[in-house]
Amino acid sequence: MSTPLTSRGPALAPRTASVTALMVALLASCFAFQLNASMLSPALVTIEHELGATGAQVALTQTAFFTSAALTTLFLPRLGDLIGRRKVLVSMLIVMALGCVIAALATNIPMLLIGRVIQGASGPVVPMCLLMLRSQVTEPKKYGTLLGVVTAVNGGIAGVDALAGGWLAGNFGFASIFWVMGAVALLAAIFVRFMAPESLGGTAGKMDWWGSALLVISVGAALIMINEIGNLAAANWALVAILAVVTAVSFWLFWRLENRSAHPLVAPAQLKHRSTWALASTSLLTLAGVFAVMNGILPALAQDTEVGLGLGAGEVAWWTLTPYALAGLLMGPVSGRLAASFGYLRMLRIGLSLTVLGIVAMVFTVGSDIRVIILLLSIAIGISYAGIGNIMINGLGVVLSPKEAPGSLPGLNTGAINLGAGVSFAVIYAVQTAFSGGGTAAGYQAAMVAGAILLVGALLMSSLIPRPTNAEISR
Numbered sequence: 011m012s013t014p015l016t017s018r019g020p021a022l023a024p025r026t027a028s029v030t031a032l033m034v035a036l037l038a039s040c041f042a043f044q045l046n047a048s049m050l051s052p053a054l055v056t057i058e059h060e061l062g063a064t065g066a067q068v069a070l071t072q073t074a075f076f077t078s079a080a081l082t083t084l085f086l087p088r089l090g091d092l093i094g095r096r097k098v099l100v101s102m103l104i105v106m107a108l109g110c111v112i113a114a115l116a117t118n119i120p121m122l123l124i125g126r127v128i129q130g131a132s133g134p135v136v137p138m139c140l141l142m143l144r145s146q147v148t149e150p151k152k153y154g155t156l157l158g159v160v161t162a163v164n165g166g167i168a169g170v171d172a173l174a175g176g177w178l179a180g181n182f183g184f185a186s187i188f189w190v191m192g193a194v195a196l197l198a199a200i201f202v203r204f205m206a207p208e209s210l211g212g213t214a215g216k217m218d219w220w221g222s223a224l225l226v227i228s229v230g231a232a233l234i235m236i237n238e239i240g241n242l243a244a245a246n247w248a249l250v251a252i253l254a255v256v257t258a259v260s261f262w263l264f265w266r267l268e269n270r271s272a273h274p275l276v277a278p279a280q281l282k283h284r285s286t287w288a289l290a291s292t293s294l295l296t297l298a299g300v301f302a303v304m305n306g307i308l309p310a311l312a313q314d315t316e317v318g319l320g321l322g323a324g325e326v327a328w329w330t331l332t333p334y335a336l337a338g339l340l341m342g343p344v345s346g347r348l349a350a351s352f353g354y355l356r357m358l359r360i361g362l363s364l365t366v367l368g369i370v371a372m373v374f375t376v377g378s379d380i381r382v383i384i385l386l387l388s389i390a391i392g393i394s395y396a397g398i399g400n401i402m403i404n405g406l407g408v409v410l411s412p413k414e415a416p417g418s419l420p421g422l423n424t425g426a427i428n429l430g431a432g433v434s435f436a437v438i439y440a441v442q443t444a445f446s447g448g449g450t451a452a453g454y455q456a457a458m459v460a461g462a463i464l465l466v467g468a469l470l471m472s473s474l475i476p477r478p479t480n481a482e483i484s485r
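With the working numbering as the guide, the letters of the sequence shown map in order to residues 11 to 485.
There could be a bad hint or two in this list.
Stated by the list, open to error - Subject to a maximum C-alpha distance of 30 Å in a straight line, what follows is the list of computed DSS-like cross-link-like pairs (lysine-lysine): (1) 413 with 282; (2) 97 with 413; (3) 152 with 413; (4) 413 with 151; (5) 97 with 152; (6) 413 with 216; (7) 97 with 216; (8) 151 with 216; (9) 97 with 151.
Hints are computed from structural coordinates only; laboratory data are not their basis.
Produce the complete structure using the sequences and hints provided.
This is the structure we're talking about:
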């Protein structure tokens with residue numbers, strides 16, 4: 011039998027220099043993925059003009075990217091367990107760069123769509139990075155701090171990514187953004203290949219491709235269904251019904267297959283364990299409660315001339331999204347360090363509780379014209395969610411993962427996070443529309459209250475998540 015590249019059990023603590031090199035490689039990878047996720051946002055109108063497309067067609071390319079990212083996250087971390095995480099991460103980054111080239115050369119929407127789908131194959135960059143970090147750093151305090159650094163980058167690069175995207179599009183056209191993305195992805199692939207050690211995880215076995223396919227079909231159908239429901243009155247409800255059936259049937263087949271498989275993608279016993287379903291449910295409810303509020307409702311309120319601040323599209327990021335992302339970026343390493351000594355679950359509940367309070371406080375800003383209030387609340391929720399809650403739900407997916415298949419839980423948890431983001435836009439905007447009959451202000455307030463209620467649900471569900479004792483200092 012061949013000797014594994016790295017022990018599938020706990021790794022020995024490496025020298026500081028090797029950890030530094032590993033962090034450079036991992037941060038470059040997360041940076042590359044974050045550019046793919048957010049750098050294009052300010053260039054969507056530019057794409058419309060240059061390709062002669064409609065806003066809906068351009069929005070579809072964005073949906074395609076995030077859907078592709080969500081689906082590949084379900085199985086690639088497990089593949090990394092079996093054939094090598096560095097190998098899979100390097101391959102993902104090269105595929106990302108290929109997608110960037112296709113998108114940069116796009117002369118029409120279908121070609122851009124193909125490029126974005128290929129870019130989306132890089133979806134599990136963050137969970138893969140956290141697994142690679144975990145295999146090399148086992149000391150709880152150090153791992154918690156570095157976990158916070160890696161995950162905080164995924165929460166946004168302090169708004170610089172969006173600002174750079176807008177500048178590139180305005181001066182050189184939308185293709186320039188993709189050339190920059192591709193260059194960063196290739197550089198990250200080189201860093202990972204030569205600066206990160208290879209690692210495997212769990213017990214040896216074969217990749218469960220049939221189980222992966224069924225889970226991808228189930229989650230993919232659910233994502234498309236949620237997106238269609240988000241169209242509300244314009245939704246095709248017959249399609250929604252068909253997708254609901256496809257989701258249920260494919261998941262039932264997945265469950266049956268996993269019970270019979272010698273090498274399941276996710277063991278049924280693991281699916282029944284609280285570390286899986288309670289964590290995934292908490293993650294889904296957390297994103298459902300906060301994502302659309304911070305990325306849709308709050309910016310819209312800030313631009314609203316009737317009950318908001320009446321900010322311009324260029325100003326709104328400086329008062330909402332940029333301080334939110336920057337606060338999360340700065341808080342991430344601190345919360346990761348505290349998680350090791352104070353407890354991941356305690357930190358998660360503190361983050362969720364403070365986020366609930368922040369969103370409830372936001373309800374009372376509707377109708378106010380005081381900019382500093384919106385700014386302070388954006389910073390507060392950036393600290394509580396982006397800097398604490400987001401770090402903890404991602405970190406728990408790794409530190410609670412089963413030893414026999416470390417990549418399975420991070421994949422499922424990240425899938426739940428992506429589902430939650432989709433649910434957020436469907437539910438929050440549906441509530442806003444339903445209550446807008448009582449006035450524009452009532453719609454905004456109802457949407458925020460709905461977000462707070464979903465977060466309370468996440469807080470309650472988090473009480474069922476088991477404590478990750480192996481990642482915390484004994485107390």
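Results of checking the hints against the structure:
no.	hint	verdict
1	413 with 282	holds (16 Å)
2	97 with 413	holds (20 Å)
3	152 with 413	holds (20 Å)
4	413 with 151	holds (20 Å)
5	97 with 152	holds (25 Å)
6	413 with 216	holds (16 Å)
7	97 with 216	holds (16 Å)
8	151 with 216	violated (34 Å)
9	97 with 151	holds (28 Å)
The earlier numbered hint that this structure contradicts is number 8, and it is the only one.
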